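Engineer: Spelled out from the first residue to the last, the chains are:
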Amino acid sequence: MSTPTEVTAAEAKACCAAAYSTDAVAMILGESYHPGGLALTRHLVGLLGLQPGQRVLDVASGPGSTALLLAREHDVHVDGVDLGALAVAKAGAAAAEQGLDQLVTFHVGDAERLPFDDASFDAVICECAFCTFPDKPTAAAELARVLKPGGRLCLSDVTIATGGLPEELAGLAGWVACLADARPLGEYAAILADAGLQTVTSQAHDNALATMVERIGARLVAFRMLADTPGLGGVDFPRALELTAQAARAVSDGIAGYGLLVAGKPGP
Amino acid sequence: MTDVVPDLELAPPTKVDRDEVFLEYTKSICPVCKVVVDAQVNIRNDKVYLRKRCREHGQFEAIVYGDAQMYMDALRFNKPGTIPLAFQTEVKDGCPSDCGLCPEHKQHACLGIIEVNTNCNLDCPICFADSGHQPDGYSLTLDQVEVMLDAYVAAEGAAEVVMFSGGEPTIHPRILDFIDAARARPIRYVTLNTNGIRLASDKAFVAALAERKVNVYMQFDGFSERTHLQIRGKDLRARKQRALDNCAEAGVSVTLVAAVERGLNDDELGAIVRFGIGHPAVKSVAFQPVTHSGRHVQFDPMTRITNSDVVHGLCEQLPEWFRPSDFFPVPCCFPTCRSITYLLVDGDTVVPIPRLIDLEEHLDYVTNRVMPDGQIRAALEKLWSASAVPGTQVSAEQLECATCGIDLPEALRELTDKAFMIVIQDFQDPYTLNVKQLMKCCVEEITPDGRLIPFCAYNSVGYREQVRAQLSGVTVADVVPNALALQPLLADTKYGSKTAAGSATHTADAWIAPDHTNVGHRLR
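Chains as they are written, first to last, in the working numbering: chain L, 1 to 268; chain R, 1001 to 1524.
Just so you know, the hints here were simulated from the structure itself, not pulled from any lab data. These numbers were taken from a predicted model, which means no experiment stands behind them. Virtual Cβ for every residue (Gly too), placed ideally from N, Cα, C. Warning: the hint list may mix true and false statements.
Which chain R residues face chain L? A few, computed with CB under 10 Å, are given here [to be verified]:
#, residue
1, Ile1357
2, Asp1358
3, Glu1361
Generate coordinates for the entire structure from the input sequences, incorporating the hints supplied.
Structural biologist: Below is the structure:
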């Protein structure tokens, strides 16, 4: 990974999807690529109010762990869509390995042009990804379009204080792509409202981000103990640790956070 | 009209709330007569207490956990037990009178202890085994040890760890033969629980241990002269250092085992860890709040030190390295009995492994009914178990599996030589004994008649006295804790522990812990 001083939202999206497919990022972020891990995923899934047999879409499904959890624990049919072809292939292999390939299918696709018919899904979940979508109104319209009337969207994401990152943390946005175009929770709700999705619940889970940032820091220190970790040769540890410390400060100062929204599509 | 003045005399009486939250109903024993009695666990002022009443000796209460929130959080980390291949006794009078193991026991043995003698080259003021320079003790024969090892293997198939203890096992003339007998059986690790005196002077013996891949559990209570004098009766600092240096030179890995007593050495927790991390022989530190069984200094059961106190003490003394969430309960035994953490250490850089991985996702058995990755969980279970032996090949493999399985890179495998373990284990005593915990105990004393008796039952309920009487052929007084409130009742035993004046002595066939909780009477 390089450390550009500025990235466009489009670059962030591509960078994020590509980075999440690489082993170096997997090493540093661990199995749960989003704050809150399995516990927050289960909490979010619980808010979907699923019935067995329903159809669920996981947007930006990454390694597929949430889609597989949905199928395993709620007996629903799941489509996962992700921009990274490698992640989609790995997720598909994991589904086959766990005997869930009858219930779960993964597709390469773009959130701004979802490859599904109108009103296809009872529920849509989107974890830690909406912030990286360059054209958020279009993506929101797509999420609304594929939902059945009366269906629910559960979204969790990185949030940022009104006014964005202060000057001294600008470098952070260059390195941590999701911060570049993150919004306050209320602004996500407003974008969804414009697309016809009415927010019914919003919750802050800032501590989940704090824990994740700290885990990344601890992993970096562990990796640094090895002079020659294969695959991490290019990582500038002092710079990475400095950025991690900045990120931790941004969270503790209330500048960056994590939150979730539940929004409904008006229905029958 | 005049104002109505309320008549205070006639105000209705008001109810008040209890000052505690009732948490559990369980069974324990009377610390004086060892009769089984009903007990309750309550939370008061954010601390957890066990209270019970004996018809004859009255009410007793003791603190069992200094941090109520930590106690409650631990309960999720409780894995289903494993059924051993064989039980040695039948269910007759109920727990804890049928040890053991009886078919109602909830867990197999992770660790089997063989106390090879009662003799010791020290006479420590604190010794749960009541050992010392004593003329009337016992010393096991090789035949007896082989019967015990066979009983352990019969119960376990492939057994994890056997620990030779005492007394002082290194002064037993056949100790190396015992170790060889263990190594000749399907038992993965042999550990030797010692005060280190022989290791300080007998390099050939240390080499013999290295050759046999024995892990040494060495008593190591701190660095001040006062600590040594009050816990061991002698200043052993120079000898401990020599013993450790000899182990490092021979390649023997060592666990430092500190008996922790409040107000005595609880200010040395951090120093012990720092020293251990810096010494090449030391791969782990075990902190054990002093077990108030056998011989010990006078104590107050209401202020005794508990697992959470050790965790908080360590975090206060080494804030640059630890915080309480770095310590995780061990799911194989009852989770409030033992907490563990692993560290990666490189010079002065210390990273607790729970900060690298989401252990909770893998070891929370109550929330996570379905676990997709059994391999990772199995590896973590091995690490967070009573049979984890640091610095050994298998422990290294488990660390690899646990870490690589959770997306740590291949290269992290090389870090296992940088891994360090800290264990905190509060053994129960006649005051704190909770049958609920005892029923899932995975640390057992093996007896020459082929029983596997949970360690805390052995120390607290009367089995130790029974077995010692059987093996030594003399009567052994029933040991009573040297608690503040019991002082008027107490008399000395010949081994330095206390007994209740006029209480029973144990003969070989004494009745263990008669049950007064369920006397079989109906109301009418």
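Engineer: Hints first: check each against the structure and report whether it holds.
Structural biologist: Hints versus structure:
1. Ile1357: Holds, because the Cβ-Cβ distance from Ile1357(R) to chain L comes to roughly 7 Å (cut-off 10 Å).
2. Asp1358: holds, 5 Å
3. Glu1361: holds, 5 Å
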